[in-house]
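Position one of the sequence shown corresponds to residue 35 (my numbering), numbered consecutively onward.
Just to be clear, a hint being listed does not mean it is correct.
[Unchecked claim] Computed cross-link-like contacts, EDC-like style, restricted to lysine to aspartate or glutamate with a CA-CA straight-line distance of at most 16 Å:
{"#": "1", "residue 1": "Lys-315", "residue 2": "Glu-274"}
{"#": "2", "residue 1": "Lys-451", "residue 2": "Asp-435"}
{"#": "3", "residue 1": "Lys-220", "residue 2": "Asp-198"}
These are computed hints drawn from the structure, not numbers from a lab. Treat the numbers as computed from the prediction; the structure is a model and nothing was measured.
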Amino acid sequence: MPLRLDVKRKLSVRSDRVKCVDIHPNEPWILVTLYNGHAHIYNHETQQLIKTFEICDVPVRAGKFIVRKNWAVTASDDMLVRVYNYNTLERLHQFEAHSDYIRSIAVHPTQPYILTSSDDMTIKLWDWDAKWALKQTFEGHIHYVMQIAINPKDNNTFASASLDRTVKVWQLGSTQANFTLEGHDKGVNCVDYYSGGDKPYLVSGGDDRLVKIWDYQNKTCVQTLEGHSQNVGCVAFHPELPIILSGSEDGTVKLWHSNTYRLESTLNYGLERCWAIACLKGSNNVALGYDEGTMMIKLGREEPAMSMDASTGKIVWAKHCEIQQVNLKQLTSDQQLKDGEKVPLNIKEMGSCEIYPQTLSHSPNGRFIVVCGDGEYIIYTAITLRNKSYGNAMEFVWSQDSSEYAVRDGNMVKIFKNFKEKKTFKPEAGAENIFGGSLLGVRSYSGLTFYDWDTLSLIRRIEIVPKTIYWSQNGELACIATEESYYILRYSPQAVAAAMTNRELVSEDGIEDAFDTAVAMLVQSNEHIGQLQREHEQHLLKEQQSTQWNFTLELTKRAEYFSEKQRKEDRDWNQLNAELNRNLTATHHQKEFEFRETVELVAQRVIAQERQQHEWILEQYRSQRIEEHHRQEQFRQDEHDLDKFLDAYNLTRESMPLLQRKVLSLLRRFGIPHKTLLIQILNDANLLRDNDTDLPGRRISLAGVNLNGIQLGSKDEIFINSALSSKSGEAIPKPCGITKTKPNLTR
35 MPLRLDVKRK
45 LSVRSDRVKC
55 VDIHPNEPWI
65 LVTLYNGHAH
75 IYNHETQQLI
85 KTFEICDVPV
95 RAGKFIVRKN
105 WAVTASDDML
115 VRVYNYNTLE
125 RLHQFEAHSD
135 YIRSIAVHPT
145 QPYILTSSDD
155 MTIKLWDWDA
165 KWALKQTFEG
175 HIHYVMQIAI
185 NPKDNNTFAS
195 ASLDRTVKVW
205 QLGSTQANFT
215 LEGHDKGVNC
225 VDYYSGGDKP
235 YLVSGGDDRL
245 VKIWDYQNKT
255 CVQTLEGHSQ
265 NVGCVAFHPE
275 LPIILSGSED
285 GTVKLWHSNT
295 YRLESTLNYG
305 LERCWAIACL
315 KGSNNVALGY
325 DEGTMMIKLG
335 REEPAMSMDA
345 STGKIVWAKH
355 CEIQQVNLKQ
365 LTSDQQLKDG
375 EKVPLNIKEM
385 GSCEIYPQTL
395 SHSPNGRFIV
405 VCGDGEYIIY
415 TAITLRNKSY
425 GNAMEFVWSQ
435 DSSEYAVRDG
445 NMVKIFKNFK
455 EKKTFKPEAG
465 AENIFGGSLL
475 GVRSYSGLTF
485 YDWDTLSLIR
495 RIEIVPKTIY
505 WSQNGELACI
515 ATEESYYILR
525 YSPQAVAAAM
535 TNRELVSEDG
545 IEDAFDTAVA
555 MLVQSNEHIG
565 QLQREHEQHL
575 LKEQQSTQWN
585 FTLELTKRAE
595 YFSEKQRKED
605 RDWNQLNAEL
615 NRNLTATHHQ
625 KEFEFRETVE
635 LVAQRVIAQE
645 RQQHEWILEQ
655 YRSQRIEEHH
665 RQEQFRQDEH
675 DLDKFLDAYN
685 LTRESMPLLQ
695 RKVLSLLRRF
705 GIPHKTLLIQ
715 ILNDANLLRD
725 NDTDLPGRRI
735 SLAGVNLNGI
745 QLGSKDEIFI
755 NSALSSKSGE
765 AIPKPCGITK
775 TKPNLTR
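Working from the sequences, and respecting the hints, build out all of it.
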């Protein structure tokens, strides 16, 4: 049977990474130490930050209340332990406790001691009455000691969890560990003791993502809990509920049943990794520390399961698995008790039950007590608590006749008579709850249905969702209580018997005359107001309805006013937002247009430069082509003029190779046309005289001849082989060549 624990948030605070949490036993306070070097105290009832300690600039990994001294003691990564008065915020003392980071602090419940564990692989015991003198050092771990926990049933022993994959149990006064528990595949991060007296257990969690339950008397692993997807950083046995809590770096906190080891619930508040869990004896509150803040939750109800036998005045209740009893008839009339005063009673220990009680219920005749929980039920005798019967059940109810009862197991309902199963049926609409009394009540998603205990015939179907049903002792009145109201119905067995005889009186919803409404009351408060007359009740009801109507009308008007105001603000905001978007869009378009213009301008400039460069290259190319063309034309013209000259003087190119080479060489050097050069050479050398016939065989010196401003030297000469005549009959020389050693052309 699931525990069906309601989980309620009492505090949710965002902050830097939380490394440790602790709950004050007398005040509604939570001590929170942070990775940023600060410590806070929150009031979880008012959800206010009431105190802040600026401790250091490094992570504060541990912090504890020492209530009997009004102290808060912290330990941090600077290897220092600091002691503060949490009322005045005064720092009272500090000392260097270890040579490496301090991971955990444990406060001795009776002695003036604290224990500290560190990454230096040691555990140290400090005495604050001796000015924080070091009393003892415990050595034995070969890796960081992550957490320590003192045994609540034996304050002289404590356990330590280490990254060397072990859990060690120590004794104060002994330097060696009593024994070592091995079983984790990776480092162990956390450890805690079970505070109940029925089991010698402790729990550990590690980097192997496992939670292990250990029997420290037999030194064996009892159970391994699997379910986390990342390292398990914190574990705790709840001191009041059969719950094991485990927090992990996967961001979840899992609730495990400490008897069945079944996963009951998984909590994920979206605050990233969970680093710390703190519980408080006598309270259902649990503090959780995460990467992004702190949570305080309440598990279930703090009122114990209880039952009262009205005929004998005996009250029984469950404290954990222990059954206790008091007798109200022991009170005498001489005792004067004020309203609200605690009743002085002698509590009697009856014994323990085998399951965790979620409900207790006396049989109508007071002879039996049934305990229901963990998916089972056990019927005990009321006097000796002797086991009478047991079975599987999620709910148990008694009939008006104590020999008959019913249990619900899922959607199946079983009826027993004299502790033997009589009938089993499955309601058409299912079964969410069952109720005992004169009739068997079954609540489903469609409403409430009453059945006859003997025949299971349908008596009446009512469209209501009851929270519980109470029957009077004579079985005539039934009180149906819902979340907001209650109804007292008068049951008519005669009408039921008549309808059973005449089946025509039975409709789909059962027998219409089976119940008659006696009282219908809307619950205003939980205070006892006594018996009121029906007329006064109707008057109050009408007045209340009128008040509620006026209040509802006023609320409606206010809601409409605020809705209209909100709509106006929304319209204004939408207009402002639209205008802003338009401005942003226009600015964006303007900037985009300017950018495009700039890009186009730069592109045009680049294209113009490239075009100019290209045109300049083309112009240079055209100029070169024109010059080449002119040179070719001039060359052809010179060749043509030379041919004409040679033809005019009856000269041939073959007859004067030396002269031709000389002329062509000079032409290449000075750019002088053939004809002009030859005529100038012959004239300057006086070779064209008419009366000069002595040309053949002569070496004519060209010294003093000026060719286009170049003065020829004495070594420049021309040699004439023979004399020739022109076509006109004139005797002119026909030079055959020119002899030249090296022209003296220094310019």
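Results for each hint:
1. Lys-315 with Glu-274: Given pair Lys-315, Glu-274 holds - Cα atoms ~7 Å apart, limit 16 Å.
2. Lys-451 with Asp-435: Since the Cα atoms of Lys-451 and Asp-435 sit roughly 10 Å apart, the hinted pair holds (cutoff 16 Å).
3. Lys-220 with Asp-198: Since the Cα atoms of Lys-220 and Asp-198 sit roughly 8 Å apart, the hinted pair holds (cutoff 16 Å).
Checked against the numbered hints listed earlier, the structure breaks none of them; every hint is satisfied.
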